[in-house]
Structures are given as structure tokens and as C-alpha cells.
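Participant: One letter stands for each residue in the lines below.
There are 2 protein chains.
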Amino acid sequence: MATKIITISREFGSGGRSVGREVADRLGIPFYDKELVEQIALESGFAPTFVEENGEHSPSKSRFAYAFSQQTIPGIMNGMSTADFLWSIQCSVIQQLADKGPCVIVGRNADYILKDRKNVLNVFIHADIDYRAERIVRLYGESEKSPENRLHEKDKRRKVNYQHYTGRIWGSAKNYDLCLNSGTLGIQSCVDLIVSAATK
Amino acid sequence: MATKIITISREFGSGGRSVGREVADRLGIPFYDKELVEQIALESGFAPTFVEENGEHSPSKSRFAYAFSQQTIPGIMNGMSTADFLWSIQCSVIQQLADKGPCVIVGRNADYILKDRKNVLNVFIHADIDYRAERIVRLYGESEKSPENRLHEKDKRRKVNYQHYTGRIWGSAKNYDLCLNSGTLGIQSCVDLIVSAATK
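Residue numbers (our numbering), protein chains in the order written: chain A, -6 to 193; chain B, -6 to 193.
These aren't lab readings, by the way, just hints derived from the structure by calculation. Idealized CB from N, CA, C, for every residue including glycine. Hints are not guaranteed to be accurate.
From the structure, some residues in chain B lie toward chain A, with a derived Cβ separation under 7 Å [to be verified]:
| hint | residue |
| --- | --- |
| 1 | F117 |
| 2 | H119 |
| 3 | G134 |
| 4 | S136 |
| 5 | V153 |
| 6 | A166 |
| 7 | D170 |
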């Protein structure tokens, strides 16, 4: 049974993270999500919450000035902006994890970062806005903003970040081996299809 | 075993038609490709070769003037352009075929035409240019144009036609339940994954 490195890109609220965790369990391979954040935090010196918030998102409005600043720690950030420094650490950590063998990596543009490797299965999980809105309220509760606005904002920030660092269009089928609509197929079916595709 | 209406949109040379035929065989349901062309030809009065060439493509350069003309057969085409008349017949034929029950329909924007129905699985098959170039030369032989140019031209014409009649972006994952890269997954694996998704 050939098992691959599986990258899972996902729209916010689509259940991509849950799918990834179950795929990793089924295949008995490591699942990198929080671990990835912690490793990037360790290597960059940023707080895990900062990495979590900024590792795959363009800056939110309130952080606009900050993230585009050229604020540097001389000798460490080497003249890079905070965002670019975080990106370079992220690339390095993801390559190191991929070197260890088959695993599931969620988010953080890993499909692009690992594009020159063989034996990688790139997956994109998406769903329509109603499905995702219902799901985020059920899982994360209500907030001041409507679930639709929360989704639009997160989607936009992931999209801008992806396009900036990869030059590719977010959500275009051609970037992936497999794109799945978790809203119509169901979470369990997504898991089954990825496991099947990864073990051919 | 629930079986659905399966629409297969595909990039030229990706093997989507072969995948569709085998999915239909495996599920024991009708496969509409040439039959669809013949039915549209019968209902529109156009030659099958004309329907085949124009049913899902924007006009090629040589036909540009023709397809955008308002040339009409009074009382039949009802003031529509040839392209719009063909589109209206195509919508009607695809709806009639879908009324008959589970089937596989290849191309012709069926994903959009059937968007208001339940029990439809929309699939998009794509592959990188090298894989498709090798495949079209192997299957259809050489021609005056390079295989890459043939692919770019066909891709562009399908893309423009799709965008014109559906308002959607061709190849965007969100239009489909399942998008598959036949070049990396292999034709057989695509068949297996679609059968699996259709019978959950």
C-alpha cells in the first residue's frame, strides 16, 4: 500500500481539518496542523497564536500596517518583512516534515511548497456558504459578525495570501489532484475518497 | 446503491470521455456523448458535425462572424443567434435525458444546466499540458498545429463558451462536487473514485 504525503487545503468551515485528521488516523501517518504551528513558532520566535493567525492569511485590516512594515530583527530576519520571514520559516518547516515521510499537512500552502516532490497528493476541500455557515456556528459558536461575513473575510485572506506567495489562483482545480465538496459529498465520503486516492 | 446523474466536464485530452464511458458501464447506466449530439442535431435541424463542433465551444476564428450573426430561420429560431438557438436546444435535450433517470453526461455545460436538480454528481477532469499533449497525439495523431496549440485553442474555446452561458469560471473547484487530475491519479483511479462518490 503506497502512502503519500497528503496536503489538504480547505475553505474555512468546510471540515478540511477534520477530514485530514481522520485520513491520517486511517493511514496511520502523522497529522500536522497544530504541531506545524508550534514548530514554526519555535523556529521563528513568534508566538504560536501569531503564527496561527498569520501563517496562511493576508493581514486583517487592523494588522495591515504592521504586516507590511519592514520591521526586522537584524541578523535574524535578514531585511525581510514579518510576513516574508514567517513564510520562509514555514517553507523550511514543511520541507523538514515532508522529509520524514508520509503525513497529512493541513493548510499553509503546502501544496505549493512541496510542488517539486513526487509522491504528494494535493487535496482541496470546499463547500457552499450555507453549509459552512451552519457548521462554524455549530462548532465555534456565534460571534459579533454574521457567519457569512466571517467566512468571506477568512476566505479572502487565505486567497490573497495564497496568490501572493504562490502566484496561483486559490480554488482552481488545476492546482490539486483531488478537489472535494464536503457539503454535497459528506465528511466521511471525503475521507474515504482521499484514502482511496492515496493508496492506489 | 443510490446512483446519480453524473455530469463530466473535462479539459480536452484529459481522458474525461473515456472515464465517463467506463463509469457508465460500471454502474449500468446510459452514457450520453454522441447520442446527445445526435439528439440536439435532430431537434435543431443542424448537422451533427456542426453541433459537435459548436455545442460547447466558443466559435473558432474562422466562424467568428458566422456565430455572432443574427441569422435566423423565422418562426424556428425566434430571433436568436445560431449559438443561442443551439444552447436552448442543448438545455432542453439535457433536461429530457436527465428526466429519464441516472446516466452519465459528458460535456456541454450539463453541470450548469442541471444545477437546480438534486441527485446530480458534477465532476471535472483535468490534467497538465504534457500529459494531455502526449495523449492526444497517441489517440488522434499529429496535425499541422503542435499538440500544445491544439490544447490551448480547445481549452480557450470551452472556457469562453462556459463563461458566456453560465457566468461561472471554467475549472473553478467550487462548480463541482469532485475534481480529478487524471494525469496524476490515472484514468482507472478516476473511474473508481467517481463510482465510489456516486454510490454512497
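Participant: If a hint holds in the structure, say so; if it does not, say that too.
Facilitator: Checked hints:
Among the interface hints, the one on B:F117 holds; its C-beta lies about 6 Å from the nearest C-beta in chain A, closer than the 7 Å criterion. A least Cβ separation of about 5 Å between B:H119 and chain A falls short of the 7 Å threshold, and the interface hint therefore holds. Interface restraint check: B:G134 against chain A, minimum CB-CB distance 26 Å, threshold 7 Å, status violated. Hint status for B:S136: violated, given a least beta-carbon distance of 24 Å to chain A, over 7 Å.
Hint status for B:V153 relative to chain A: violated, with the closest Cβ pair at about 17 Å, above 7 Å. Using the Cβ-Cβ criterion of 7 Å, the hint placing B:A166 at the interface with chain A is satisfied: the shortest such distance is roughly 4 Å. Hint status for B:D170: holds, given a least beta-carbon distance of 5 Å to chain A, under 7 Å.
Of the numbered hints stated above, those contradicted by the structure are hints 3, 4, 5, listed in ascending order.
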